[in-house]
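A.B. asks: Chain U: place on chain D using the hints.
Protein sequence lines correspond, in order, to chains D and U.
Counted the way my numbering counts, the first sequence spans residues 1 to 496.
Counted the way my numbering counts, the second sequence spans residues 1001 to 1496.
Hints were generated in silico from the structure; no laboratory data involved.
Take the hints with a grain of salt, since some may be wrong.
Simulated crosslink set (EDC-like; lysine to aspartate or glutamate; CA at most 16 Å straight-line) [as the list claims (entries may be wrong)]:
| no. | chain 1 | residue 1 | chain 2 | residue 2 |
| --- | --- | --- | --- | --- |
| 1 | D | Lys56 | U | Asp1343 |
| 2 | U | Lys1125 | D | Asp266 |
| 3 | U | Lys1056 | D | Asp343 |
| 4 | D | Lys125 | U | Asp1343 |
| 5 | U | Lys1385 | D | Asp266 |
| 6 | D | Lys242 | U | Asp1343 |
2 protein chains.
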Amino acid sequence: QQMNPPVMPSILLVISTVHAFQYTELVQYVDSHQEEYVEALRDWVAIESDSSNVLKRPDLHRMMEKAAQKLRLMGGTVELVDIGEQELPDGQMLALPKVVTAQFGNDSNKHTVCVYGHVDVQPAKKEDGWATDPYNLTDINGNLYGRGASDNKAPVLAWIHAVEAYQALNMELPVNVKFVIEGMEETGSNGLDAMILAQRDTFFSDVDYIIISDCGWLSTRPALTYGTRGNCYFFAEVEGPKQDLHSGVYGGTVIEPMTDLIGILDTLISPSGKILIPGIRDAVAPLSDEEWRMYQDIQFDIDHYKSKIGVNQLMYSNKVDVLAHMWRYPTVTIHGIEGAFSDPGTKTVIPAKVTAKFSIRQVPNMDPAMVKKQVTDYLHSVFAKRKSPNTLKVTMVIGAKPWLADTQHPLYEAGKAAVKRVFDTDSDLIREGGTIPIARTFQDVTGKSIIMMPIGGFDDGLHSQNEKMSRYNYIEGTKLFIAYLNEVSQIRKTTV
Amino acid sequence: QQMNPPVMPSILLVISTVHAFQYTELVQYVDSHQEEYVEALRDWVAIESDSSNVLKRPDLHRMMEKAAQKLRLMGGTVELVDIGEQELPDGQMLALPKVVTAQFGNDSNKHTVCVYGHVDVQPAKKEDGWATDPYNLTDINGNLYGRGASDNKAPVLAWIHAVEAYQALNMELPVNVKFVIEGMEETGSNGLDAMILAQRDTFFSDVDYIIISDCGWLSTRPALTYGTRGNCYFFAEVEGPKQDLHSGVYGGTVIEPMTDLIGILDTLISPSGKILIPGIRDAVAPLSDEEWRMYQDIQFDIDHYKSKIGVNQLMYSNKVDVLAHMWRYPTVTIHGIEGAFSDPGTKTVIPAKVTAKFSIRQVPNMDPAMVKKQVTDYLHSVFAKRKSPNTLKVTMVIGAKPWLADTQHPLYEAGKAAVKRVFDTDSDLIREGGTIPIARTFQDVTGKSIIMMPIGGFDDGLHSQNEKMSRYNYIEGTKLFIAYLNEVSQIRKTTV
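One chain only, chain D, in its complex shape:
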């Protein structure tokens, strides 16, 4: 085959025949290995690979090594790529988790896909309101609860299991498969951009397509994702007295940093959700008629969405507005304040230094550098009006651009076909309100086409308490990836 491809008659037919046969066997294999897959996920969830907590860095290193070891045992060509160190706020340097790269197959007659995923997680503590230990995967009615279960450990494992299934049945992979697995996604993929740039002409040179499964469906209908919002994450620090003060003893004499901080935070967004920072909305691409029509057709039940998150009223009341503000308009969220009293109970303290954390989701055609300037200038001007003796420092700690793909690209057509095969339904074409910064980087640096193919459920509770992955999505998702590899192999090379 490899030596003489032109003589093969009707290559598409051959592949297609072999594929049909393989698919049934592969599905049977997956179904009979469900419990092993769940155990593998339990094993991964047990590692508290929280990339935002520097104290958990040893766990994170262990997680990367575990992922690498799994891929090695499967016969992949695996590397743990050193991406350097990060500087902590106190000036200390801390080693970043290495990036795992792996390769299965290098047949130049085949397409090569590169699967991107991450195995770091958001913070989680039982006392945040989890019903179960967040690091002990717990099956309740077919839902597998655990931090990182859906974001992004199960999808990464599903890809690994997809490759493994082909191997177990001695079937040749229909495409070459590469992996890039990182450990800093939840805090902004520190170091990954430079690594991609550095390996653009080596590891990434033969990659045709990049697949990302770090997202979720919008409803019970399987989806393909063609856009994400970016994210500009800010720290606004107000500093006053040199140390915390007793509010009884000093209250009334000092201008309190917390009052100043609350005052400036209150100028970011109106009660009805309008961003008040001048200029922010000017760059936003207008909603086209075509988009409006697309949104109209998407399966999205507002009442179900409301009941899922437990609110009686959303910011907007009709489907198109809700979807548009979820996907393609910017928004401001105030996450919290560091340095103030945040424990249960009472404390009569005037906090000396308080740092608000807030972020603005980016959409085409916003530019993070411009947003940084707009936010910083605005907050300083608002703060100056207070005539406070305290000092304000505004820093942008994450600046991730949005990403948008062409839904008519063969990569998406292949995705629609795979969804049709596994789930016997059409795909929803959706965008993602969250940020997968790496999509934009892959696009800008490698110039390759990218698809986002989620298997997470619409109610998985990413970043919140009681995150879960359903067995159904995990197992059927594995089948989807198996089917997709085959669909991608049928994309004509000329259309790339």
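C.D. replies: Structure of chain U alone, referenced to chain D:
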């Protein structure tokens, strides 16, 4: 003596003569026991008796038992008074720390003083910014750093050592001395009011004067305190979604509780410190000319005060305004927010339920019940204007009244004399911005006269990082208490 007082000639002269002799010996005794006193304080500070943290309750119980045991070993009549349980926010019941009462002497010809103190402390963690372990008393240049060192463990120990010194030298106590030591002061003296009321006609029936040393000097000049502010501590809870949400996925569709909370907090106080809650200032007693003159004469260096707390500018620029707003005008402090993201690093979360903690210091003639209504009504009206689907709950968890004494009372004259003897200077007559709710309770329930006699330094950092007690104040304070017991014994019974 006890059986036949009328026949004694010139009783005042006798006591006075004996006193002069005793004082020198007592001072020598104290000076030669300094290291033991420091070790005793180290022992007490080592117990993390944080009354606001329910997980530390066993330590708090241990602290009360330790105080009781010390008084027992000195031969006092000691009781550990059960004051019941507290209800936690989740409905669980938790035993309150017992109140320690003790009695030394019951000579009906002598005055009886009751010393009040507390041995619970504010929260403290090394990572809050302490230079030393807050529960390991550390002597740096004569300052003893540790949580609770000044507030209020060293003053309680100084009183104990004062009694012990008389005993060690086989000198009769010039007055009967009682102790009331509690363990819930930092969270509002839960259960103590009821205990005082219950023992009004027993333990407190023969008490003539109540002495409180739970405060500090204003400068390097020793002070007597004749007033305190009260405190109304509020929780304002805004609840929205049923759980925390990913800010990328959901941001723009939900009306975020944090935005609502910031919005209503920003309406409490103006940038220049004006309380914006309607009606709050109406009840405040106007500043009299006499007060103005008193404040003018008090030793208070604004520049030193500013440099101590590390700010360039205060809310007010002249001494009288600063003192008045520290002592006799109300103020609002926002302490922090529970439920939002408060750790270092970044988290892209929409917190589902956030609870602001803020307090308003009370002055004569404000009424906590009225303040509660004013604050609650105001916040609900402000919140209603936002038309948010989230819910607001406002609760007042502490409602402590202010207290004010007559500085011409013999109890204060005795204090001035004791200060003069020990420090060879006149006392500053000051008020306290903080709250010692029990002063007001003692006054209202027992009808006894009260004096506040601080020994803490003006820069002890109560409730903040690096709290300390200087050796000088601790040791000279012990002498002050020794001298004061004698001065009180000379108050003519008829003037009581």
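A.B. asks: Against the 16 Å threshold, does the CA-CA distance of lysine 242 of chain D and aspartate 1343 of chain U hold or violate the hint?
C.D. replies: violated (20 Å)
A.B. asks: What's the verdict on lysine 1056 of chain U and aspartate 343 of chain D, does the C-alpha distance respect the 16 Å limit or exceed it?
C.D. replies: holds (14 Å)
A.B. asks: Is it true that the CA of lysine 125 of chain D sits at most 16 Å from the CA of aspartate 1343 of chain U?
C.D. replies: It holds: about 12 Å lies between the C-alpha atoms, which stays within 16 Å.
A.B. asks: Going straight from one Cα to the other, do lysine 1385 of chain U and aspartate 266 of chain D come out at no more than 16 Å?
C.D. replies: Holds, at about 15 Å.
A.B. asks: For the pair supplied as a hint, lysine 1125 of chain U and aspartate 266 of chain D, is the alpha-carbon distance within the 16 Å limit?
C.D. replies: With Cα atoms ~30 Å apart, lysine 1125 of chain U and aspartate 266 of chain D exceed 16 Å; violated.
A.B. asks: Within a Cα-Cα threshold of 16 Å, do lysine 56 of chain D and aspartate 1343 of chain U meet the stated pairing?
C.D. replies: Holds: lysine 56 of chain D and aspartate 1343 of chain U sit about 14 Å apart, inside 16 Å.
The structure is inconsistent with the numbered hints 2, 6, although it conforms to all the rest.
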